[in-house]
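Colleague: Listed below are the residues making up each chain.
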Amino acid sequence: MNDSSTLISKENLSSFLSVLPFLVFADNMQKGLVFSLVFVFALSSAGLTSILLPQSIDKNNRFWLSCFAAAAASSIAASTLRLLDPLLYESCYTRIFLASITVPVLKMSVPLKNSYETEKYIEKILLALAYGLLILIFGVFREFLAYCSLSTDSTLPKIMVFPMAGEASGAFILLGLAAAFVKAVFLKNKRINP
Amino acid sequence: MNFIRLIFYFSFAGNILIHWGLTGSREDTENISFRFALVFLCISSVSAIFFGIFYTFILCPLKLESLSPVVFLIFIYIVFYILNALLKSKNKSLNLNAKGFHIIMVVYAIAVTTGFLPIKPLRIFISAFACAFGALAAAWFLENIMKRLDLEDIPQVFKGSPIRLISVGLMAMAFYGIEISFFSLV
Numbered sequence: 001m002n003d004s005s006t007l008i009s010k011e012n013l014s015s016f017l018s019v020l021p022f023l024v025f026a027d028n029m030q031k032g033l034v035f036s037l038v039f040v041f042a043l044s045s046a047g048l049t050s051i052l053l054p055q056s057i058d059k060n061n062r063f064w065l066s067c068f069a070a071a072a073a074s075s076i077a078a079s080t081l082r083l084l085d086p087l088l089y090e091s092c093y094t095r096i097f098l099a100s101i102t103v104p105v106l107k108m109s110v111p112l113k114n115s116y117e118t119e120k121y122i123e124k125i126l127l128a129l130a131y132g133l134l135i136l137i138f139g140v141f142r143e144f145l146a147y148c149s150l151s152t153d154s155t156l157p158k159i160m161v162f163p164m165a166g167e168a169s170g171a172f173i174l175l176g177l178a179a180a181f182v183k184a185v186f187l188k189n190k191r192i193n194p
Numbered sequence: 195m196n197f198i199r200l201i202f203y204f205s206f207a208g209n210i211l212i213h214w215g216l217t218g219s220r221e222d223t224e225n226i227s228f229r230f231a232l233v234f235l236c237i238s239s240v241s242a243i244f245f246g247i248f249y250t251f252i253l254c255p256l257k258l259e260s261l262s263p264v265v266f267l268i269f270i271y272i273v274f275y276i277l278n279a280l281l282k283s284k285n286k287s288l289n290l291n292a293k294g295f296h297i298i299m300v301v302y303a304i305a306v307t308t309g310f311l312p313i314k315p316l317r318i319f320i321s322a323f324a325c326a327f328g329a330l331a332a333a334w335f336l337e338n339i340m341k342r343l344d345l346e347d348i349p350q351v352f353k354g355s356p357i358r359l360i361s362v363g364l365m366a367m368a369f370y371g372i373e374i375s376f377f378s379l380v
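Here the protein sequences come in this chain order: Z and C.
Note that my numbering gives residue 181 to position 181 of the first sequence, counting from 1, and the numbers run on in steps of one.
Note that my numbering gives residue 286 to position 92 of the second sequence, counting from 1, and the numbers run on in steps of one.
Heads up, none of these hints are tricks.
Anything over 10 Å on all C-beta distances counts as not near chain Z; from chain C, calculated:
(1) 228
(2) 230
(3) 277
Computed list of lysine to any residue pairs in SDA-like fashion (alpha-carbon distance at most 20 Å, straight line):
(4) C:257 x Z:72
(5) Z:59 x C:272
(6) C:257 x Z:90
(7) C:257 x Z:76
Calculated from the structure, these hints are not laboratory results.
The beta-carbon is built from N, C-alpha and C at its ideal position, and this holds for glycine as well.
Build out the structure end to end from the sequences listed, making use of the hints.
Modeller: And the structure:
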């Protein structure tokens, strides 16, 4: 993307774009919470597998095994959701599986080269957790904007006040406006503290 | 006639850009060559057929739909090793980067979208091909919009990712309109 400033690095941008399907689909608090939890679950599974696997295993195979752990984690999460709320499962289970192939999860699957990379690894974890939180907040924000209320029961009939916020197109536009706002704040800070 | 409707639906109205929010970065979209497009169309269509058949004949009857990601990852793993072996024979290597995985996500979306169709391999193949074509066309449209916007005097804060996301939103709105108009026909 043509970001003239260096506010967003290319790596972070690819991570953000891979999380975009969740942000677009999370049009209410429930979906936001589900995607957020699944994302964090898949991420921790991939990270733990990558750390706990013995060093004797080839690096390439360790990466793929961590990917499989993330995929298995999303499968377990989907099965649990099916038991808890079959309606919600029907509406979002295809997207749940995307969690295992998002860039932050795959980055966690890449094995550490040496112990000096631990700090970098912690940074990756924090950033990925921030994405999880972002999915939840964005779901809550969109539901509030669309219905002017928040509810944990998606079957309740509700009146839409601002329908665009509940649509995919509205999600993109809201994200664009949010990105512009964040960029404006960064640019202002940069001008004050060059 | 049904096939024409199906192609229209997957290419435009049912575009994965709207349904999945799978938009690539500018680097991803501005270097789409004919060769890349052809390879992408083939991989998407073939993987959708395999996934569709496996999903309908094995996962669904056994009520194991939740194993879809593991199955899909196994397919990807097989494709990765086949490609790697082919490239190694030509003294090249498969460089897996973030861009590569973005493509995998799009392929997954196509496979899942078309995998739920009634099982007819030709139907899945055509739908997946149209779906992949739709994704490429949307990326190409977006790239052209961005090139035109580069010539406009837009505010500094909107330059780059914000204007790109807003443009995608407006495109999605247009596609959504088409979907509402034609959904009943499919």
